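Read top to bottom, the protein sequences are chains X and A.
For the first sequence, position 93 matches number 93 in our numbering, and the numbering has no gaps at all.
For the second sequence, position 95 matches number 95 in our numbering, and the numbering has no gaps at all.
Since the hints were made in silico from the structure, they are not lab data.
All values reported here derive from a predicted model rather than from experimental measurement.
Ideal placement from N, C-alpha and C gives every residue a C-beta, glycine not left out.
Honestly, I wouldn't trust all of these hints.
As the list claims (entries may be wrong) - One side only, chain X facing chain A, incomplete, derived with CB under 7 angstroms:
#  : residue
1  : Leu44
2  : Phe48
3  : Ala86
4  : Glu87
5  : Gly133
6  : Asp135
7  : Leu141
8  : Val225
9  : Val228
10 : Gly230
11 : Ile242
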Amino acid sequence: MTMPTPQQVAALRRRMPRAFGPTAATRGLRALAWAAGLAWIGFLLWWFNFAPERIWNGLSGLGTILVLMVPPSPGELWLEILKGMAESVAMAFLGTFIAAIIAVPLGFAGAGNVVTNTLAHFSIRRLFDGFRGVDQLIWALTYVRAVGLGPLAGVLAIATADIAVLSKLYAEAIENAERRQAEGIDAVGGSAVLRTRFGLLPQVLPVMLAQALYFFESNVRSASVLGVVGAGGIGLQIAERIKVRHWDEVAFIILLMIATVMAIDFISGRIRRALIGAR
Amino acid sequence: MSATAIAPRSAAVERGEAAFREARRIRRRATLFYLVILVICLLVAADISEVYIGTLIDGLPRIFEYFWRTMPSFRLEVFFADWETEGSFAAWMYRIDKWLWLIFETSQMALLGTLFGSMISFALCFVAAKNLSPAPWAYLVARRFLEFLRTVPEIVFALIFVWAFGIGPLAGILAIILHTAGANGKLFAEVAENAETRTMEGVRAAGGNWFHRMRFGVLPQVLPNFVSYFLLRFEINVRGASVLGFVGAGGIGEELYHVIAFNYYEEISALLVLIILTVATIDLLSERMRRNLSSGTQMAGAH
Numbered sequence: 001m002t003m004p005t006p007q008q009v010a011a012l013r014r015r016m017p018r019a020f021g022p023t024a025a026t027r028g029l030r031a032l033a034w035a036a037g038l039a040w041i042g043f044l045l046w047w048f049n050f051a052p053e054r055i056w057n058g059l060s061g062l063g064t065i066l067v068l069m070v071p072p073s074p075g076e077l078w079l080e081i082l083k084g085m086a087e088s089v090a091m092a093f094l095g096t097f098i099a100a101i102i103a104v105p106l107g108f109a110g111a112g113n114v115v116t117n118t119l120a121h122f123s124i125r126r127l128f129d130g131f132r133g134v135d136q137l138i139w140a141l142t143y144v145r146a147v148g149l150g151p152l153a154g155v156l157a158i159a160t161a162d163i164a165v166l167s168k169l170y171a172e173a174i175e176n177a178e179r180r181q182a183e184g185i186d187a188v189g190g191s192a193v194l195r196t197r198f199g200l201l202p203q204v205l206p207v208m209l210a211q212a213l214y215f216f217e218s219n220v221r222s223a224s225v226l227g228v229v230g231a232g233g234i235g236l237q238i239a240e241r242i243k244v245r246h247w248d249e250v251a252f253i254i255l256l257m258i259a260t261v262m263a264i265d266f267i268s269g270r271i272r273r274a275l276i277g278a279r
Numbered sequence: 001m002s003a004t005a006i007a008p009r010s011a012a013v014e015r016g017e018a019a020f021r022e023a024r025r026i027r028r029r030a031t032l033f034y035l036v037i038l039v040i041c042l043l044v045a046a047d048i049s050e051v052y053i054g055t056l057i058d059g060l061p062r063i064f065e066y067f068w069r070t071m072p073s074f075r076l077e078v079f080f081a082d083w084e085t086e087g088s089f090a091a092w093m094y095r096i097d098k099w100l101w102l103i104f105e106t107s108q109m110a111l112l113g114t115l116f117g118s119m120i121s122f123a124l125c126f127v128a129a130k131n132l133s134p135a136p137w138a139y140l141v142a143r144r145f146l147e148f149l150r151t152v153p154e155i156v157f158a159l160i161f162v163w164a165f166g167i168g169p170l171a172g173i174l175a176i177i178l179h180t181a182g183a184n185g186k187l188f189a190e191v192a193e194n195a196e197t198r199t200m201e202g203v204r205a206a207g208g209n210w211f212h213r214m215r216f217g218v219l220p221q222v223l224p225n226f227v228s229y230f231l232l233r234f235e236i237n238v239r240g241a242s243v244l245g246f247v248g249a250g251g252i253g254e255e256l257y258h259v260i261a262f263n264y265y266e267e268i269s270a271l272l273v274l275i276i277l278t279v280a281t282i283d284l285l286s287e288r289m290r291r292n293l294s295s296g297t298q299m300a301g302a303h
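This is chain A alone, in the form it adopts within the complex (with noise of 0.2 angstroms):
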């Protein structure tokens, strides 16, 4: 084929390609109108919070060079010395007992509370599913006051909490409780809401009231999903718990931040390395446990 064979070109052709053109203009145009929204929001937002490109620019150097003083002092040699050589594995993890204590103590702290505040959700999800609620008002009410405690940061509860309740971890088992409560409640509402409804009209025709559909007719069903939202928090809660230490609500947060704010450099990796192990082990073993519950659910589909 070759530029002989084009034929003229018919005008419904040149109206396809002049349509064609306009709508590519159109978007084009559009898209230059969002990316010049989008440049005045990052000129805006640089401006309120004093952050210009040229002051990021300056303050890298100085955090390649924080961060690059926390990183441990290996020395080859004497890495497998005992604690008390400079420059060994030991050495850098000198205070491991008492570190992992923390971090011990900091987990059953953030599984007291999922379980108090899943507690919560659960006890509020079945109001706070609009086609189970019981009566319009309550589920205005619950979905408000379960959005209220979502809404409210965690470290906020801990702040008023550490006045209310003195400084230690019930304070911070206390924010923990009223965040899960809230985060979990709408997840759970929202697999309640999900549930199918003939269970529940089987209860019904059988005589039951509103506690028995509920515990017949939809728990059975979304128990699983309860359990996985449940393992899901946890892990999202030891995360959270290792930093309401900063304010005085107990965990390893005390520790971390007098480690960060004594700019004791080794000891602030020494720590991360620890929490983070400690959570991604409990990440692997939260995924595998709601694998087998899914499939256990899976399973008992097929019936």
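This is chain X alone, in the form it adopts within the complex (with noise of 0.2 angstroms):
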């Protein structure tokens, strides 16, 4: 095989051009896409008024508050900050349980192989996927103004949150089910009920059992700021303490927080890998 000459180079290059890399029009729009993203950028940082001396300013700001979150201390008041932790905790729980129970004959209801009307299945999926777009802590605020203050508008706003994704989640382990053995319990004279009970539920259990403490983790992070408006927990606790500037308390219930979260994490992981075998 011989080079080919740069005549024949500038032939291919006429007859390909997009062989050779992009071309100019192709490049010109790249540079006007990238043009236009940073000038959009601009446009937000000036919007949002990121000025250099008000981020300068909001940094010194951060930093004596820095300076006075060490060392972090509990306070006086530190049986009532344990409480608090403790109450967010047991909120995540019971919102977290709630959750899953009712979640379970929504999923049945969401998943394509239980309900076979394409038109039913689709505005459920739908309805959970809009639920969805609604944050824990608009639910909490909505529950405080009905059943008022306390953890009950934090467990309702937990449970609330969650039982649209956990339906959503347990209608899709449900589909995803292994056919075989429901078929099994049929071909053996098994009853709808018997079926579910012996064909379906040994596979999705420990799936559901799975993404509900998947959903505890993540509601306990979640719990310890549902206070922030009052449902409860430890929220309340760091929103008045950073109000009265107590910052080496706020430090404390941070560190409080992280630590919680991560105990919790341990052992939901330690169960969950029981549950559903190492992966």
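Assemble the dimeric complex from its two separately framed chains, guided by the hints.
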């Protein structure tokens, strides 16, 4: 094989310009897209007032706060803080439990192989998706107005926000279940109840439990801020201490939150691995 | 086959049956044991949070009443009338121009926060990937730092930043940046850890240093995944940004807080519907973009 002459290369380049890299038009468009993107970012920075001076002042304020945070101290009301943290974990546990129970029948309703009507299936799934768009804190605030201040609003908010997402995940688990076990029960003359109990449940129950545990972990995180709107838990403590600028106590609460979340993650991770095997 | 055909059971079958019964007994006992633990946990949790079945059931009618009142009261004969007519669709959405603008502002806060946060994740992820990190201590420091950013809730960052930077979107965006950096940093690092190492060895063989190896050996493999995680996080952050206004950190949250706190019932449902529609639209768009992205990588992998 001989090297192509420059004339041949030029001829090929004329015939197949795109094989030699992007054409001038593509490159121009790309440059234009980059310029537009950067211009938009610049506009956003201007719109949201990212002035260097303001950032600098803010950072120095933040530096003062950080200095005041050291050393973290539980303060005099440390028992309140511990109680708030325990309340947050309890709220997360109850909320997840309620959501996990209610999501089971909803999951069956949303599973394409149980409810075979396409329109019903599609609209149920869209409903689940729609609910997901509302943040837990919004639910918490509405429940505070509906049932009053306190952990009850928090539990309800956690449950409401999770039901839709858990139902969707459960529905997917049911759809992904192996059909052959259920057919086996059919073949030996089992009823629909027996088919669900022995053909489906052993497959989907560990998955459902594992998902519920995942949600419990994430809810411990979110339950620790629901108190900001008055829905119980440690959030109230942290919001109050930020208001009165007790930064050392704020730092202590943040560290306590991190430690609790890590402990819960560790425990729940071990249970999950025991349930569905190491992955 | 009739009952007479059944032969007397052999000893082996008896042993098998006994073993099965024994296994089943142990299993049932274990199930019972875990159920008891679950019930104890539930009781303890109920006691700590003072939420009992009774309080839940007592609360139900009030919940239904509350959400019933937030429902818009349409009158069919004037459904398409203008916003000054009570009972029309336009009256329900009478402040839609202001609301849509606030929702747009919220989404742009999320966009900027996701962008800058992902940039921090990007800068840290190669150091936070176990097999790519230049030094073990750097890996540990990067991982712990990302873990810290991820574990502290956005709202807590926002509360502190409102003190430092003043009320407004800036504090909210900074909170989103920090939380996104932590959340995406972990995901990015995991993607980078799973990247094919042979391309890196090729760059090393050609005399590339650590930066060259990351840039030419790892980045081309992981970039589509990074973009995919970016889009996913953007959607999550739009949802999260909708409540940052609760603590004065900008966006639709302040209006939402106002409307809920003052019991402007019908406006609550109007705002929630708008937020749900926005998040659903972004969800659909980002899902489509992510699907295009993954089919693109599969094609690239087929070469």
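Right, here's what the structure says about each hint:
Annotation: interface hint on leucine 44 of chain X holds; nearest CB of chain A at approximately 5 angstroms, less than 7 angstroms. Because the smallest distance between the Cβ of phenylalanine 48 of chain X and any Cβ of chain A comes to about 5 angstroms, under 7 angstroms, the interface hint for this residue holds. Annotation: interface hint on alanine 86 of chain X holds; nearest CB of chain A at approximately 5 angstroms, less than 7 angstroms. Annotation: interface hint on glutamate 87 of chain X holds; nearest CB of chain A at approximately 5 angstroms, less than 7 angstroms.
Because the smallest distance between the Cβ of glycine 133 of chain X and any Cβ of chain A comes to about 3 angstroms, under 7 angstroms, the interface hint for this residue holds. A hinted interface residue such as aspartate 135 of chain X counts as satisfied when its beta carbon comes closer than 7 angstroms to some beta carbon of chain A; here the least separation is about 5 angstroms, so the hint holds. With a cut of 7 angstroms, the hint placing leucine 141 of chain X at the interface with chain A holds, because the nearest CB-to-CB distance is about 5 angstroms. Among the interface hints, the one on valine 225 of chain X holds; its C-beta lies about 4 angstroms from the nearest C-beta in chain A, closer than the 7 angstroms criterion.
At a threshold of 7 angstroms, the smallest CB-CB gap from valine 228 of chain X to chain A is about 6 angstroms, leaving the interface hint in force. Interface hint status for glycine 230 of chain X: violated, as the beta-carbon distance to the closest one in chain A is roughly 10 angstroms, over 7 angstroms. Taken as an interface hint, isoleucine 242 of chain X checks out: its beta carbon lies about 5 angstroms from the nearest beta carbon of chain A, inside 7 angstroms.
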